[in-house]
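Combine both chains into one complex, guided by the hints.
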Amino acid sequence: MAMSRDEIFEKVQEVLVDALGVDDDEVTAEATLMGDLGAESIDFLDIVFRLEKAFGIKVPREELFPAEGLLNNPDLVSDGKLTEKGLNELRENVPHTDLTGFEDDPDINKLPDLFTVNAIVNYIDGKINAA
Amino acid sequence: MRWIWIDKFVEFESGRRAVSVKNVTLAEEHLHDHFPGFPIMPECLMIEAMAQTGGILVGEARDFQEKVVLAKISKATFFDFVRPGDQIRLEVEIDMIAPEAASTRGRITREGQPIAEIDLMFSHVDQNLAGKKFPEENFVFTGMFKSLMREIALIGKPSDDASTESN
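As they're listed, the protein sequences go chains A and B.
For the first sequence, counting from 1, position 84 maps to 84 in this note's numbering; every step adds exactly one.
For the second sequence, counting from 1, position 59 maps to 59 in this note's numbering; every step adds exactly one.
The shape of chain B in the complex, shown without the other chains (with noise of 0.2 Å):
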């Protein structure tokens, strides 16, 4: 992951769902763009806010030794604008998951008031696409993103941190 376009995660069930927030504010640049005069997020970069929720909760499912890359837009409906100023919640949770990819089923709210639903599937891709070489090193999962749940505690799996801590 290069780069991160949510900001937190406030919930966080290890191998089921996940739950992050975006804010969304007028300092980003491309809103003066998409459209002058009436800044609205673009519906693209929900899709990206919701394909980094589900993305991270299928890594973590494996412990982020898979590189999980976005395969397909199963379903993206939207119901509203998003605003400078808003704060959106993007709800996921995994429907299905195999060894070579998984599918989650997202819906993107503002206080409570549907915006979005966006379903997805995720590719392990070194389960697939056999004879091609990846590099070794996991370039999907670098750790930069692990701010993003610097508020939850992972629940379902042990926290390495407590293990280490009685040391």
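The shape of chain A in the complex, shown without the other chains (with noise of 0.2 Å):
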């Protein structure tokens, strides 16, 4: 069943207005999901669940939200802070977002200022649309 980006986005946007509380016009593609919206790290999971539900798709966790993956890892987080492994993952996980100013100071709270809803509807076009 195959959605324009548009008709993406909608659905996106309930979801977060329900997930996070926020108002319809506070979703916009470039808002971060924890620096504008306000999401905390069991909303990112709220939001899976959400995503799930609303595209009857799987979405694995690491997929969309490789860094909170990384978190888990002691190897890659020391101090609240990524260290040069994790942040090699990263590179590798998230080859199209832009992380100057994030190496400088890997602190593992700015890390999901990286997410915004654009990259939610990028990764759910590829999930829905690739095949």
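Keep in mind that the hints were calculated from the coordinates and are not lab data.
Among the hints, a few may not be true.
[Said to hold, decoys possible] From the structure, some residues in chain B lie toward chain A, with a derived Cβ separation under 10 Å: (1) 98; (2) 100; (3) 103; (4) 107; (5) 127.
[Claimed, not checked] Pairs of lysine-lysine, BS3-like flavour, derived with a Cα cap of 27 Å: (6) A:11 - A:53; (7) B:75 - B:8; (8) A:58 - B:75; (9) A:53 - B:67; (10) A:127 - A:11; (11) B:8 - A:53; (12) A:110 - A:81; (13) A:11 - B:146; (14) A:110 - B:146; (15) A:58 - B:67; (16) B:72 - A:58; (17) A:81 - B:67; (18) A:11 - A:58; (19) A:11 - B:75; (20) B:72 - A:81; (21) B:8 - B:146; (22) B:146 - A:53.
Think of the CB as a built atom: it goes at the ideal place given N, C-alpha and C, for glycine as much as any other residue.
Have a look at this one:
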């Protein structure tokens, strides 16, 4: 079942409004999940649960939010910052994300700022329209 | 779980849904202050009752191996006051469950009348928050809550007692 990007965006918007208690107009394509929409770590799981339902697909959490997965590996995180190994892993996982600036201070609290509404739309687009 | 705020389970389907009840009494001291001359059950304590009902349902689904903690109140809507002498019925079902977390949907009723709708998320803390060390023992499920299950037979799982009784 193919969906246009606009249709996907609308559904993603609905999911984020429900999961984060924000208004429709706050959920722009460029909005960052944590910085602009106030998502906390448990919200990422909530979003994954709701996306799976809304689109009827399986969303491996580490695929959509690879940074979240990194945080669960003590090899890759030390003292609240990504280790060099962690940074390398992140570069591999999110090749289309600009990490400039983040690399200088890889504070894990800033990781979710790398993820925008658009990133979710891209991911879903690739997932349901690629096949 | 270090305090118990529900009275017993009356239905329990492993990994799916559970129903508990709580009797509200004027012997609960906080009701005298909430509010003087107009005692009503605080809404936050209805959320606590739902969190215990849902938390035990989620915990049992993984044989109480995970440390299940309340992580998010996705929704809490209240329709009526609960007063001393009332019995409330808490129905909860698992919406989603994953290795790291679970979400539940719940409603509270009194004699069939809607009191509240409360949706929650629980975190399996050992699967999150990497790098932070929690005690080995399961400080959430200490076993003290097991009396709550006294009247229900687990549906969907063979009972441990049944297998040992034959000896």
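Status of the hints after comparison with the structure:
The criterion of a C-beta within 10 Å of any C-beta in chain A is met by residue 98 of chain B, whose closest approach is roughly 7 Å, and the hint holds. Contact between residue 100 of chain B and chain A, as hinted, is supported at the beta carbon level, the nearest pair being about 6 Å apart and thus within 10 Å. Using the Cβ-Cβ criterion of 10 Å, the hint placing residue 103 of chain B at the interface with chain A is satisfied: the shortest such distance is roughly 6 Å. Restraint check, residue 107 of chain B versus chain A: the minimum CB separation of about 18 Å is more than 10 Å; hint violated.
A distance limit of 10 Å between C-beta atoms decides the matter here; for residue 127 of chain B the minimum to chain A is near 7 Å, and the interface restraint holds. Between residue 11 of chain A and residue 53 of chain A, the direct Cα distance comes to roughly 11 Å. Compliance with the 27 Å bound is thereby established for this hinted pair. Only pairs whose Cα atoms come within 27 Å are accepted, and residue 75 of chain B paired with residue 8 of chain B is accepted, the gap being roughly 24 Å. Between residue 58 of chain A and residue 75 of chain B, the direct Cα distance comes to roughly 24 Å. Compliance with the 27 Å bound is thereby established for this hinted pair.
Restraint check for residue 53 of chain A and residue 67 of chain B: satisfied, since their Cα atoms lie roughly 26 Å apart, inside the 27 Å limit. Pair hint residue 127 of chain A plus residue 11 of chain A holds up; C-alpha atoms about 14 Å apart against a cutoff of 27 Å. Restraint check for residue 8 of chain B and residue 53 of chain A: the C-alpha separation of about 32 Å exceeds 27 Å, so the hint is violated. Note on residue 110 of chain A and residue 81 of chain A: the hinted pairing holds, with a Cα-Cα distance of about 10 Å set against a maximum of 27 Å.
Restraint check for residue 11 of chain A and residue 146 of chain B: the C-alpha separation of about 42 Å exceeds 27 Å, so the hint is violated. For the hint pairing residue 110 of chain A with residue 146 of chain B, the CA-to-CA distance comes to about 42 Å; that exceeds 27 Å, so the pair is violated. Annotation: proposed proximity of residue 58 of chain A to residue 67 of chain B holds, straight-line Cα distance about 25 Å (limit 27 Å). Among the hinted pairs, residue 72 of chain B with residue 58 of chain A is consistent with the structure: their alpha-carbon atoms are about 22 Å apart, no more than 27 Å.
In summary, the hint linking residue 81 of chain A to residue 67 of chain B is supported, as the alpha carbons are separated by about 26 Å, within the 27 Å threshold. Among the hinted pairs, residue 11 of chain A with residue 58 of chain A is consistent with the structure: their alpha-carbon atoms are about 16 Å apart, no more than 27 Å. Between the alpha carbons of residue 11 of chain A and residue 75 of chain B the distance comes to roughly 20 Å, so the proposed pair stays at or under 27 Å and holds. A hinted pair counts as satisfied when its Cα atoms are at most 27 Å apart, and residue 72 of chain B with residue 81 of chain A qualifies at roughly 25 Å.
Of the pairs offered as hints, the one joining residue 8 of chain B and residue 146 of chain B holds, with about 9 Å between alpha carbons and a cut-off of 27 Å not exceeded. For the hint pairing residue 146 of chain B with residue 53 of chain A, the CA-to-CA distance comes to about 33 Å; that exceeds 27 Å, so the pair is violated.
The structure fails to meet hints 4, 11, 13, 14, 22 from the earlier list, while all remaining hints are met.
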